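Under my numbering, the first residue of the sequence shown carries the number 27, and numbering increases by one thereafter.
These are computed hints drawn from the structure, not numbers from a lab.
Here the structure is a predicted model, which is why all the values come from computation and not from measurement.
The beta carbon of each residue, even a glycine, is placed where N, CA and C say it ideally should be.
Any given hint could be a false lead.
[What the hints assert, rightly or not] Below, in silico cross-link-like pairs of lysine-lysine (BS3-like), each with a Cα-Cα straight-line distance of 30 Å or less: (1) LYS108 with LYS164; (2) LYS108 with LYS91; (3) LYS91 with LYS164.
[Said to hold, decoys possible] Using C-beta positions, here's what the derived DEER-type ranges look like: (4) SER114 with THR272: 29 to 37 Å; (5) PHE193 with ARG42: 31 to 39 Å; (6) LEU306 with ILE118: 50 to 58 Å; (7) THR272 with LYS108: 37 to 45 Å; (8) THR95 with LEU200: 49 to 57 Å; (9) VAL186 with SER260: 29 to 37 Å; (10) ASN70 with ALA154: 58 to 66 Å; (11) LEU142 with LEU184: 18 to 26 Å; (12) ALA154 with ALA269: 32 to 40 Å; (13) ALA294 with ILE196: 17 to 25 Å; (14) THR264 with ALA233: 41 to 49 Å; (15) THR95 with THR264: 46 to 54 Å; (16) PHE193 with SER216: 28 to 36 Å.
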Amino acid sequence: MADRNDLPLSEDASTRLVPWIIGVMAYLAALAFAAALMLSNIANEWSQGLEGSLTVQVPVAEGDKADATNSRIVSAVRILLKTEGVESARPIPLAEIAEMLEPWLGTGAGTSDLPLPRVIDVQLHDGANVDFDELSRKLEATVPGISLESHEQWLNTLLVLFRSVEFVAILIILLISTVTLAAIVFTTRSVLAVHYEIVEVLHLIGAQDTYIADQFQKHAFRMSLKGSVGGTASALATILGIALLTNDLETSLLPPTSLAYWHWLLLAMLPIGESYGAMLTARFTILRALRRMS
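Using the sequences and the accompanying hints, generate a full structural model.
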């Protein structure tokens with residue numbers, strides 16, 4: 027039997043660009059995968075944060091004194107707490123509203139001169155079935171101009187949008203994976219054609235197809251690992267840079283856009299999956315080609 031390095035695959039000039047191609051594909055796939063994970067995280071955060079909650083806005087009329095406004099808030103809270111399915115109703119202090127608006131108004135900006143409505147945060151019991159139309163009528167009869175927002179309609183629309191973009195990101199990953207594997211198939215066939223005579227000699231001296239396939243698959247694994255590690259590392263650096271730049275933009279009104287630790291772990295494991303995929307593809311391709319040669 028011949029030596030395990032009978033095929034000089036690593037010296038083949040036709041494969042030198044393959045790791046670079048795989049690296050670019052790995053970079054794009056990692057970015058798309060990170061985007062899908064991030065969108066899923068945001069959708070879950072928003073869904074968990076807003077499901078089972080209501081927002082009630084009590085308008086502040088021009089010239090109203092604080093006592094009159096507080097009286098309307100108290101009346102609204104009483105109606106809310108008497109409503110079946112309502113767990114709590116908490117008036118949000120103006121200081122808290124000002125803190126939420128600080129990223130847009132600036133640190134020194136005050137809210138006393140702004141016609142901001144007073145907000146009541148309402149939490150519902152799990153599985154509560156509240157008649158929002160009836161509740162809205164009761165509130166309007168007691169506090170004219172009051173508004174009730176259930177978040178359900180716009181939250182569902184937002185979640186559909188996020189899931190759609192997430193689905194597109196997954197399709198992009200599948201497309202990139204398909205193109206990468208196709209490149210492996212093409213490269214494997216090209217290398218086999220270049221070393222056809224050596225393969226024939228190996229057959230003549232008794233080399234099995236599996237022995238030849240082992241050399242091709244190991245070569246494909248090394249090429250893919252080299253390219254995918256570089257591409258994934260570049261993608262992780264890009265994601266980390268974007269996360270640092272957008273860190274200051276996160277406010278209490280926006281969910282965190284950072285990735286969890288297990289997200290980073292999944293991204294770091296991409297080169298392993300990509301390399302094994304390339305290895306199996308090369309093995310399948312070379313065995314099929316060798317069977318045709320027999």
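Verification of the supplied hints:
Pair hint LYS108 plus LYS164 holds up; C-alpha atoms about 11 Å apart against a cutoff of 30 Å. With a C-alpha separation of about 27 Å, the suggested pairing of LYS108 with LYS91 holds against the 30 Å cut-off. The straight-line distance between the Cα atoms of LYS91 and LYS164 is roughly 24 Å, inside the 30 Å bound, and the hint therefore holds. At about 33 Å, the beta-carbon gap between SER114 and THR272 stays in the expected band of 29 to 37 Å.
With their beta carbons about 36 Å apart, PHE193 and ARG42 fall inside the hinted range of 31 to 39 Å. The given range of 50 to 58 Å is respected by LEU306 and ILE118, whose C-beta atoms sit roughly 57 Å from each other. Range check, THR272 to LYS108: about 43 Å between beta-carbon atoms, so the 37 to 45 Å window is met. The beta-carbon spacing between THR95 and LEU200, approximately 56 Å, falls within the hinted interval of 49 to 57 Å.
VAL186 and SER260 have their C-beta atoms about 32 Å apart, which keeps the hinted 29 to 37 Å range intact. At about 21 Å, the beta-carbon gap between ASN70 and ALA154 misses the expected band of 58 to 66 Å. Distance hint check: the CB atoms of LEU142 and LEU184 are about 24 Å apart, consistent with the given range 18 to 26 Å. For ALA154 and ALA269, the Cβ-Cβ distance of about 37 Å falls inside the hinted range of 32 to 40 Å, so the restraint holds.
For ALA294 paired with ILE196, a C-beta distance near 19 Å keeps the hint of 17 to 25 Å intact. In this structure the supplied range 41 to 49 Å holds for THR264 paired with ALA233, their Cβ-Cβ distance being about 45 Å. Range check, THR95 to THR264: Cβ separation about 49 Å, and the 46 to 54 Å hint holds. Separated by about 35 Å at the C-beta atoms, PHE193 and SER216 satisfy the suggested range of 28 to 36 Å.
In the structure shown, a violation is registered for the earlier hint numbered 10 alone.
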